[in-house]
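Undergrad: Sequence:
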Amino acid sequence: MEKITEQPSLYNDLEKKSVEELTSGLITEYKKIALAVEAAKPQLDRLLNAVVEKVKTGGRMIYLGAGTGGRLSVLDVLELPTTFGMEDDTVCAVLAGGIDKLILALEEKEDDTEESWQMLTEKGVSPRDIVVGISASGTTPFVLSGLKNCRENGITTCCIVNNPGSPIAKVSDYPVEVITGPEFVTGSTRMKAGTSQKMVFDMISTTVWIQMGRVLDNRMVNVQLINRKITDRAVRILMDKSDIRDYDQAHTFLLEQGSVANALKTLHQNGGIRK
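For the sequence shown, the tail end lands on 265 under the numbering used here, and the numbers increase by one without skipping.
Among the hints, erroneous ones may be present.
As a list, the in silico EDC-like pairs of lysine to aspartate or glutamate whose alpha-carbon atoms are at most 16 angstroms apart [stated by the list, open to error]:
1) Lys160 / Asp192
2) Lys160 / Glu142
3) Lys188 / Glu69
4) Lys188 / Glu(-8)
5) Lys160 / Glu(-8)
6) Lys113 / Asp163
7) Lys44 / Asp101
8) Lys138 / Glu105
9) Lys188 / Glu28
10) Lys231 / Asp207
11) Lys44 / Asp163
12) Lys255 / Asp230
13) Lys138 / Asp101
These are computed hints drawn from the structure, not numbers from a lab.
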């Protein structure tokens, strides 16, 4: 297979360039990322429809990754409870080396062909679930072996990769190939490939949880009330979506109900909700 992610950078003599020249080159390359994601939209739409179907029937989406992509998937999972009020493991991540060792960046674990299936098994993976492998190269042994085992056990497989025609894509029921091209620093896939993966994760989690009814209109009505800024935002959402006009009253009611969604449900039952 052709590893475009390992091809030489389009920019030579980087060490001789000024700050201004370096940032200009980086911006030029980063502009290509959204276009690469857009080109992969048909594949991404198919993956998302499959994920939504699984989640709606009680299954889970499990990210399976290593290196930069794996760590970014963990970040996506960690932010879901705050944004969407999702507190269970409907979306979770399996990271080479373990999430508890996230900051150690155990890159050597990418080559472990046994650990991924063992870790998935410990999570109770089953045909009800859907597993999304993440690998810029499309060849990471940890991810590849995990997806192969999933297929052998009747578990739906997906992937997010940055090279065409990769082994990981070939064992995925729903492959997403985001071809971002050579990196600014040759082979440094934490850059364009990693940024494209972060964009795709955002699209996946946002789309899935909107489809699951965790957003009303364009508002985070299930956001967790974890600090003053978010609580203030939630109070204003509640006031906008209801007949409550007094801030203090809305604030007290919100805290009693625990979320905007709960507050609106209670108001609706009492005929006090408006669009």
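Undergrad: Now tell me, hint by hint, if it's right for this structure.
TA: Hint-by-hint comparison with the structure:
1. With a CA separation close to 24 angstroms, the supplied pair lysine 160 and aspartate 192 exceeds the 16 angstroms bound.
2. Between lysine 160 and glutamate 142, the direct Cα distance comes to roughly 14 angstroms. Compliance with the 16 angstroms bound is thereby established for this hinted pair.
3. About 13 angstroms separates the Cα atoms of lysine 188 and glutamate 69, which keeps this hinted pair within 16 angstroms; it holds.
4. Of the supplied pair hints, the one linking lysine 188 and glutamate -8 is violated, its CA atoms being roughly 23 angstroms apart against a limit of 16 angstroms.
5. Between lysine 160 and glutamate -8, the direct Cα distance comes to roughly 14 angstroms. Compliance with the 16 angstroms bound is thereby established for this hinted pair.
6. Distance restraint check for lysine 113 and aspartate 163: the Cα-Cα separation of roughly 21 angstroms exceeds the 16 angstroms cut-off, and the hinted pair is therefore not satisfied.
7. Taking the CA atoms of lysine 44 and aspartate 101, the gap is near 29 angstroms; set against the 16 angstroms cutoff, the hint is violated.
8. Between lysine 138 and glutamate 105 the alpha-carbon distance is near 13 angstroms, which keeps this suggested pair within the 16 angstroms criterion.
9. Between lysine 188 and glutamate 28 the alpha-carbon distance is near 14 angstroms, which keeps this suggested pair within the 16 angstroms criterion.
10. Taking the CA atoms of lysine 231 and aspartate 207, the gap is about 10 angstroms. The hint holds against a cut of 16 angstroms.
11. At roughly 14 angstroms between alpha-carbon atoms, lysine 44 and aspartate 163 fall within 16 angstroms of each other, so this suggested pair holds.
12. For the proposed pair lysine 255 and aspartate 230, the alpha carbon gap of about 14 angstroms is at most 16 angstroms, so the pair holds.
13. The suggested pairing of lysine 138 with aspartate 101 holds, with an alpha-carbon distance near 15 angstroms, which does not exceed 16 angstroms.
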